[in-house]
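A.B. asks: Work out the full structure: start from the sequences and follow the hints.
If you read the sequences in order, they're chains A and B.
Mapping of the first sequence onto this note's numbering: position 194 corresponds to residue 557, and the numbering continues sequentially without gaps.
Mapping of the second sequence onto this note's numbering: position 27 corresponds to residue 29, and the numbering continues sequentially without gaps.
I should point out that these hints are in silico values taken from the structure, not numbers from a laboratory.
Since the structure is predicted, the reported quantities are computational estimates derived from the model, not experimental observations.
The beta-carbon is built from N, C-alpha and C at its ideal position, and this holds for glycine as well.
Hints may be right or wrong, so weigh each one.
[What the hints assert, rightly or not] According to the in silico footprint, chain A covers these stretches of chain B (three or more CB under 8 angstroms from chain A): (1) 159-171; (2) 175-187.
[What the hints assert, rightly or not] Beta-carbon label-pair distances, calculated as ranges: (3) A:PRO433 x B:ASP71: 33 to 41 angstroms; (4) A:GLU658 x B:ARG122: 25 to 33 angstroms; (5) B:TYR74 x A:SER656: 32 to 40 angstroms; (6) B:ILE68 x A:LEU703: 52 to 60 angstroms; (7) B:ASP123 x A:HIS450: 54 to 62 angstroms; (8) B:GLY217 x A:PRO433: 35 to 43 angstroms; (9) B:PRO215 x A:GLU658: 34 to 42 angstroms; (10) A:LEU516 x B:VAL20: 14 to 22 angstroms; (11) B:GLN8 x A:LEU689: 53 to 61 angstroms.
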Amino acid sequence: MVHGEIWTLKELFVYPNEYIYWSIQIVMYPFMTGLVAGAFVLSSLYHVFGVKQLKEIARFSLVFSLALLPCAPLPLLLHLQQPLRNHHVLMTSHFTSAIAAFGIVFMTYGMIVASELWFVYRGHFVARALALKQKGSGSADRLACGLYTLLTLGAWDVGDAALHSDEKAVKFLAAAGIPVACFLHGYAGFIFGSVKANALWMTPLMPVIFICSAIVSGIALCILSFIVVSRLRIIINNWKIKNKFGTPAVVEMKDAELTIVTQTSRYLLIFLVLAITLELLDLIFRGYTAVKSWEIIRRVIYERDFVKIFILQYGLGNLLPFILFLLPRLTIRRAVAGTLLVLLGVFMMRWNVVIGGQAFSASFAGFMEYHIPIIPVSMETFREGLFGALFVAGMPYVLFLLFSRIMPVFDLKKFGSS
Amino acid sequence: MISRRQFCRKALLIAGGVALPLAALELFDPKRLRAEKSSKGDRRWVFLVDTHKCVGCGFCVKACKIENDVPYDAKVSRTWVERYVIKKNGETLIDSPNAARDGFTTTRIDQNLAGMLDVRDEEIAKAFFVPKLCNQCDHPPCVQVCPVGATYQTADGVVLVDRKWCIGCGYCIMGCPYGVRFFHPLYHVAEKCTFCYHRLAKGMNSVCVDACPFGARRIGNLRDPEDPVTKIITTERVNVLKEQYGTNPQVFYLGLTMEVK
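C.D. replies: Next up, the structure:
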């Protein structure tokens, strides 16, 4: 069977070789990249701009962005017909292609995140290594000691001056990371926007729209995870009070949580408005100029994909959360609903761009429909089906659990370091 | 004793040197540079399709599939034939059942999910066949977008794919406005019409040219003014497909009308 045949339905006249070649994984790719930067930008708010309330969540989101990081190219890897040849992109980069620079951009960003984390956690690594060295007798301890010793990279100096210069390095890296993160997304938009053969994709607005919606989704995920984290902390604190060794700081924590959520949601609204404005501008412009491709695009947007675009993306994903956040006296429950809807909206936007762009034939005389494979009966239907997407979506949490064993995001003091 | 700073500096230098791909050094290969600069050799393969002569028998598609190792029953093809039926009310109906491998065996139009469409003879204003194949563009977007340089243009204008280097990202398939590219069902890499480059190299014709019983398909060398194909292209009214994409396609058509997509 030809690649794409299993999930592509053709209607009217479609060129014989046309199929939905870019499927769910290419929807996941810009979605995951958006989340990576969102997490990073939030951590930068504390490190660069010194938003004190975000101290705890800053460490959380930095580790989280490292966990998200390998999951951004994962969908690309799963989608390749020759995944084992992925390194060819680095070996013989053909720079007239928008994809060619992916490895470089991605690795630059990865190095920034990794080195920032190292500076943040260096003190902790040293403390752990020293503690384990004194204690260490079992083989597990020796292994852990070896790991932490390796992670220190031989930098054992934890004097005030050394830690201070660590902080300076963190600040610098966090600041340098913001434009690189934005570039990573604009770049994903350029990959689509520069395909002149595709009437729906080809617009210079695509990179800007991608950046704005990426920031929207990033902030939304951060607000959501922040709420989840704060709730967990409150639960833990309650448990501590119950066991008579905690402090009754629950009310304060709740107040602080709401303040931060309210403040952050303002940034979310700004970028949401910007993203919607650009998307609507694009739509209006296409309709007004009505070039040759408009007839088929119009039929895709207003007829075939109406529910996905106007109900799921604009209605549920943009308008409803917009109202939820704009109404006075924001509550946590409403913020959770709002952020979930925003994430749905951004996901649907990616879907409508990637799948919607392939919903019509290049002949402008027929349509194609993507039927996402649900049950993975083969490797192909797993990779480019629902479970492949869920695998990509779930991966960051597995990695986060793993990373947070080495780089704890809460209660560093428990481990005897600052 | 080497200091840590120096160690880091040297380690980075070595890592950088090792990471430098050997391909980068190739940039300065003078032979290649000269070849690229003076690419105006004595050969530029072009194709001429006379739509008046095509009867939609599909022999070209059949021959192509067999010659070029594209699985016979796979629903992809390097070349195909489209049937256009333009009704008196202006409606255009197009189909290419199974890429016209077996020709057009029924007067009903294959509309895929929308079923087979009956068109009465008296409704038809005009009807004709249009063979399609890779346009071997002068500015091929597929070559431009390939991230690894696995697809490239030869000096005589034909665009080829290196099956050993293609990573199968599909960007070239997305980048082609003509829909000529697809993934090879067996090799799982990008696949396309090559004008039968392996035959051209031996002084033979593309297989579809030889298979066409009516002379609807012809191949020629644009740099040879005496070539009969070149003479037709330069002296008669020919047209190309989708010139608005700026690809400068090199498959020329006689009898192309505005309805052709």
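A.B. asks: For every hint, state whether the structure bears it out.
C.D. replies: Each hint tested on the structure:
no. : hint                                    : result
1   : 159-171                                 : holds (count 5)
2   : 175-187                                 : holds (count 12)
3   : A:PRO433 x B:ASP71: 33 to 41 angstroms  : holds (37 angstroms)
4   : A:GLU658 x B:ARG122: 25 to 33 angstroms : holds (26 angstroms)
5   : B:TYR74 x A:SER656: 32 to 40 angstroms  : holds (34 angstroms)
6   : B:ILE68 x A:LEU703: 52 to 60 angstroms  : holds (55 angstroms)
7   : B:ASP123 x A:HIS450: 54 to 62 angstroms : holds (59 angstroms)
8   : B:GLY217 x A:PRO433: 35 to 43 angstroms : violated (57 angstroms)
9   : B:PRO215 x A:GLU658: 34 to 42 angstroms : holds (38 angstroms)
10  : A:LEU516 x B:VAL20: 14 to 22 angstroms  : holds (20 angstroms)
11  : B:GLN8 x A:LEU689: 53 to 61 angstroms   : holds (58 angstroms)
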